[in-house]
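Since each chain sits alone in its own frame, please combine them into the complex, following the hints.
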Amino acid sequence: MEMALFGDNGSGKTDAWRSYERVLLPPVRDLHRFDTYVGHGGYEALRAVLTREEWTPGKVIEATKASGLRGRGGAGFPTGLKWSFMPPVEPGKPRYIACNGDESEPGTFKDRQLMEYNPHLVFEGILIAAWAMQIDATYLYVRGEYADWIRHMESELAMLYDKGYAGKRILGTDFSSDIVIHKGAGAYICGEETSLLESVEGKRAYPRIKPPFPAQKGLWGCPTTVNNVETLACAPLIINRGAEWFAGVGAEKHPGPVLYGISGHVERPGVYEYPTGMLITDLIEKVAGGVRGGKKLKAIVPGGASVPVLRADMIEGVTMDAESLREAGSMMGTAGMLVMDEDTDMVKFLRRVTRFYHHESCGQCTPCREGTGWIENLVTRIDEGQGTLRDLDILLELCDQMEGRTVCALADAAAWPVRNTIQRFREEFEAKCRQSIYAVA
Amino acid sequence: MSDFIKHPVVSLPDRAPEPVFSKKELVFTEAEKEQIETFRAQYPTPESAVMKTLWLAQEKFGFLPPEVIRLAADTLGIPFSLAYGVATFYTQYYKAQQGKYVLDVCTCFSCQLCGGYDMVRYLEEKLDIREGETTEDGLFTIQGVECLGACGTAPMLQVTNGPYVHNLSREKLDALIDALKAGKKPPFVSVTLPQDEDDLGGNRRSDAEATEVGQTPPAAETFE
Ligand SMILES: Cc1cc2nc3c(=O)[nH]c(=O)nc-3n(C[C@H](O)[C@H](O)[C@H](O)COP(=O)(O)O)c2cc1C
Ligand code: SF4
Ligand code: FES
Chain A
13 MEMALFGDNG SGKTDAWRSY ERVLLPPVRD LHRFDTYVGH GGYEALRAVL
63 TREEWTPGKV IEATKASGLR GRGGAGFPTG LKWSFMPPVE PGKPRYIACN
113 GDESEPGTFK DRQLMEYNPH LVFEGILIAA WAMQIDATYL YVRGEYADWI
163 RHMESELAML YDKGYAGKRI LGTDFSSDIV IHKGAGAYIC GEETSLLESV
213 EGKRAYPRIK PPFPAQKGLW GCPTTVNNVE TLACAPLIIN RGAEWFAGVG
263 AEKHPGPVLY GISGHVERPG VYEYPTGMLI TDLIEKVAGG VRGGKKLKAI
313 VPGGASVPVL RADMIEGVTM DAESLREAGS MMGTAGMLVM DEDTDMVKFL
363 RRVTRFYHHE SCGQCTPCRE GTGWIENLVT RIDEGQGTLR DLDILLELCD
413 QMEGRTVCAL ADAAAWPVRN TIQRFREEFE AKCRQSIYAV A
Chain B
27 MSDFIKHPVV SLPDRAPEPV FSKKELVFTE AEKEQIETFR AQYPTPESAV
77 MKTLWLAQEK FGFLPPEVIR LAADTLGIPF SLAYGVATFY TQYYKAQQGK
127 YVLDVCTCFS CQLCGGYDMV RYLEEKLDIR EGETTEDGLF TIQGVECLGA
177 CGTAPMLQVT NGPYVHNLSR EKLDALIDAL KAGKKPPFVS VTLPQDEDDL
227 GGNRRSDAEA TEVGQTPPAA ETFE
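As you go down the protein sequences, you meet chains A and B in turn.
13 is the number of the first residue of the first sequence in the numbering used here; add one for each residue after it.
27 is the number of the first residue of the second sequence in the numbering used here; add one for each residue after it.
In short, the hints are calculated from the structure, not lab data.
Keep in mind that the hints are not guaranteed to be accurate.
[To be verified] Some chain B residues near chain A, calculated using beta-carbon distances under 10 Å:
{"#": "1", "residue": "Gln68"}
{"#": "2", "residue": "Val76"}
{"#": "3", "residue": "Phe135"}
{"#": "4", "residue": "Ser136"}
{"#": "5", "residue": "Thr161"}
{"#": "6", "residue": "Val217"}
{"#": "7", "residue": "Pro220"}
{"#": "8", "residue": "Asp222"}
[Unchecked claim] Below, a list of computed lysine-lysine pairs in the DSSO-like style, where the Cα atoms sit at most 27 Å apart:
{"#": "9", "chain 1": "B", "residue 1": "Lys50", "chain 2": "B", "residue 2": "Lys121"}
{"#": "10", "chain 1": "B", "residue 1": "Lys152", "chain 2": "A", "residue 2": "Lys195"}
{"#": "11", "chain 1": "B", "residue 1": "Lys86", "chain 2": "A", "residue 2": "Lys215"}
{"#": "12", "chain 1": "A", "residue 1": "Lys265", "chain 2": "A", "residue 2": "Lys71"}
Positions of the beta carbon are idealized from the N, C-alpha and C atoms, including for glycine.
The following block holds chain B by itself, in its conformation from the complex (with noise of 0.2 Å):
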């Protein structure tokens, strides 16, 4: 039989793992309580509250185990089933952990015929992983990910859920991983539209941290 039939092999997550934080640690300060209530206050229900809370668990925790997410649940009081649903739901938040910075490289659509697989293969290459995994000092994860609305400048690629980096190169690449290692995260790019190339001579933005111009994307030599 032809290897393309690969059945779904749907592993059901252990939901009572070995908890990866100590009672200790498991804790809200006081400011991000106070966070937490002003999302609530947002909402008709804290139900609804919850995934601004999953986000602000992350970005303290580096991911979401069960006993993050009960954390979260408890803080709003909801039931800790409702919180674990919306956590597993979502491709943003971690289930589990993640390397220092994960490269969400797009390689839907657009990219695919720009180079998103070409850019995902010379990472592979260059820092000894497959997609999907984490380099053994916990510095890089590869995901390859769908549309991240930014197809005027493909390939691109989004850094652990934060700033986008457009007109991807291999060159591009070489200069982001060495300034990632030396830990300076890429500034937000304001990608100045033709329009304004024309009308205004460049970008709008005065308050931009660093600007673009688009590019003729690259021709992709691989697509999958």
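Just chain A, with the same shape it has in the complex (with noise of 0.2 Å):
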């Protein structure tokens, strides 16, 4: 699109983010209508890869590849690399995107943002990433309780198909490709890949055992792909500004624009655009106005809820992308970074969290049903003055007993934080056994 000239996206270590242009999120007013899209350059990628003989479908998925574009949903995998495992088209067989709007993670608020500022990016997303796969129908989930923003894009979704955007013969040529909002309930489970297709086939969310993996047998049985939103408002970017000039934004191993959602204890919170490859300092120092309050910085979690927390003193010259966060003892995850001032109590904070996955396991995995129980159990009888020092390690048992031992990742993101934070907390969490009532046991 040529809403803004592109500034010096360079690396996240130098001040050049200060001139960085947005792209997922461009300041255009109205940009969230079809008219205002369309007259900012919009859908004129897709048109690109619909009428131009160079864009055949694998082109495209070797534009996204080239691009180095990551998932964006928190497992940060290559999005081209995903494309390219869905098996050939068989006649008779439908295909099929899982657009993943679900957005549970805690600490994030990303997507809802494009939903309800560019949700035509998302729209075009999907369906460049539907002429990539050939693709008959994507299902664009979204939880339950985003209904208002269902409500606004279910009204642009009309009018994109009542002007041939979507649906049948697509911009009049041969290619035809739907797109469904599938509205959740309320069940975080949802946002784990395989149970998103249990819950838009209508059944129970339990997330199934892997592999066959969604691109062998995913809806339906059909090859399905599952992406998440933000993940796919990238793809018009890459057809439009060129794949070389995606890589060169942000970060090199983990290149692209992101959205950072930033939340908890600092001046300005919200959701800012930038490349990845941030300094978390200047995320916080300079982007979000500094902790609140004129408050030390103790700790941040760089990417909800199931990515590990670090020290204010972890996080010199740390960057967000996956590599620098993966050597200092995290994952870039979301991208929804919580952030916590000096006064933050980490056991009643790590308490909240394992309530969190003790309510949201869907109870499937014995490890997982019964480990989060026991999690949040023990952490509360620690908060409350009840607990042992023997706790903690039974705590950190529980973990090795719960992580890699289940269908899905549910188990293993209730784990890391509850490893990590004892760990990078112990003094706190042994101070309060310390005074509980049963110090000596």
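Encoded structure:
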């Protein structure tokens, strides 16, 4: 789209991010409307892939691979590679995309901004991916709580159908592909890709055992690709500006624009669009206005509740990309960053996080169903001054028994914060145990 | 023994309680049936339309007792057990009658640290009920819920699976309760992106019913 001339989108370690010009949420009034979007070059990327000879489906996948785009849903899997896992087209066998707008990871609120301010970028991305993988229908799964945003998107989608940009014979070409919005009804687990598929099929959303992976057996047993909303919103940018451009934005091995959702104890919380690879310290100090009330930073969680917490002394020089965060001992996750100031009680914080996983475990696997419950019990006991030092070891042992032993990654996601919060703030947990009525046990 | 060990008591639901709705009430109008047909047409199997149909049923009846779930199942031509299974898996489907306005206050993660529980406690005091309960006049239910995806405007709440209310404070809750008592549901609020404040001088959506800017969150006083 020719909305904004691009500045120097260099590495986050310099101050170049200051001149960054937004592309996912460019500053255009009423961009959420079909007419405005088209008026600013919207759907040109779709037109290009559908009408220009050079954009064969294979070429679109190649470009996506070359762009270096990695999934924005949490796992950071290379998107082009994922698309190439789809088996060859088989007559009579439909193919699907499940676009993941479940967004229930605590601390994550960025997909909703795309739905609110630039839904057509998402639709265009879906349709480009649909062309690349020759998809018959896309189910856009949006969490049930986003009822207002679903309503808004439904009316924009209806407009899209009216104007011939979705559905039968898109833009007068031979290509047809549908988009259906599926409304969830409140279950964190539906964000897990196979659980999401079950939910779209109209079932209780129990995750499936993999393999088979969705590309082999997805929706209704047919080939399916699951991608996050923000991931697919990057597709039009790659077509319009080129894979090379995309690969040149932000961090080398984890490139592109990204929506950082900053919440917690900062002066100016909110969703900010910047390149990947921003210094965490810059995001807190320069972007979000610093820690609230001039307090000292205690810890951050860089990408949603599931990723390991980092102490303030662990973030010096760490940038927001998979590589740097892995070295620092955490993960990029959803880039929804929670900032905690010096007054934060880490035991109380962990207690609430464990309650979340206990509540959201689907109950299919014993280690997860029972483990999340016992973890919550133990952390609660410690917080209420009834814990023993031994409880800390039992907690870590419980984590060992949960990780890698279940159908889906929720059990791991529940265990990581426990393991890391205890390891990284052990004194705080020990102090509570020592004050406990059972301190000698 | 310390009281933390609360053995989970799983009470099995009564799947054939006295029906709340009479046979006469248990019908979909022609328009609703048509709507359900369009849901069916969106999926290869009728089972898949069950979530949307249950949503429609809940909007009509307010909650989903077994007889309403059966009506939804029968309309779609799918087994009752399937629809019942779905209705009981997802938290937003109400299995029991709720207050006219359900106040879903987020107490998770960011909201916990920014006063989500303070808001719950304040509402409890104000409405004289506990979390999970409904006021005697049937107007309000308070629920503490998990992250609603609006962590940047913590603390926040949602009114009956509908509009979000951001940047909560005690004064804002007072105003909200007064408005709801007068039958006024809050409008859709478009929260201005911080970068839009800088680049566009405010909210970008000219059709937004109401707008708000992000605020520095308060410090939480209670954490559970
Ligand atoms: C417990 C759990 C919850 C998840 N929740 C979400 C979610 O809310 N949104 C999302 O996009 N991905 C979520 N994911 C990741 C998805 O399984 C999947 O990796 C992702 O949607 C793939 O899209 P991407 O490759 O574009 O990132 C979750 C994963 C797990 C294990
Ligand atoms: S790990 Fe937990 S959430 Fe995932 S399938 Fe097993 S029980 Fe369900
Ligand atoms: S933590 Fe409350 S909305 Fe996310």
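Hint check:
1. Gln68: The hint holds - B:Gln68 has a Cβ within 10 Å of chain A, the shortest such distance being about 5 Å.
2. Val76: 4 Å, holds
3. Phe135: For B:Phe135, the interface hint holds, since the closest Cβ of chain A sits about 4 Å away, which is under 10 Å.
4. Ser136: 4 Å, holds
5. Thr161: At 23 Å from the nearest chain A Cβ, B:Thr161 fails the 10 Å test, so the hint is violated.
6. Val217: 8 Å, holds
7. Pro220: Status holds, d = 4 Å.
8. Asp222: 6 Å, holds
9. B:Lys50 - B:Lys121: The given pair, whose Cα atoms are some 21 Å apart, holds under the 27 Å limit.
10. B:Lys152 - A:Lys195: 33 Å, violated
11. B:Lys86 - A:Lys215: At roughly 22 Å apart (the allowed maximum being 27 Å), A:Lys215 and B:Lys86 satisfy the hint.
12. A:Lys265 - A:Lys71: With a Cα-Cα distance of about 21 Å, the restraint between A:Lys265 and A:Lys71 holds, given a limit of 27 Å.
Taken one by one, the earlier hints fail for this structure at numbers 5 and 10, listed in ascending order.
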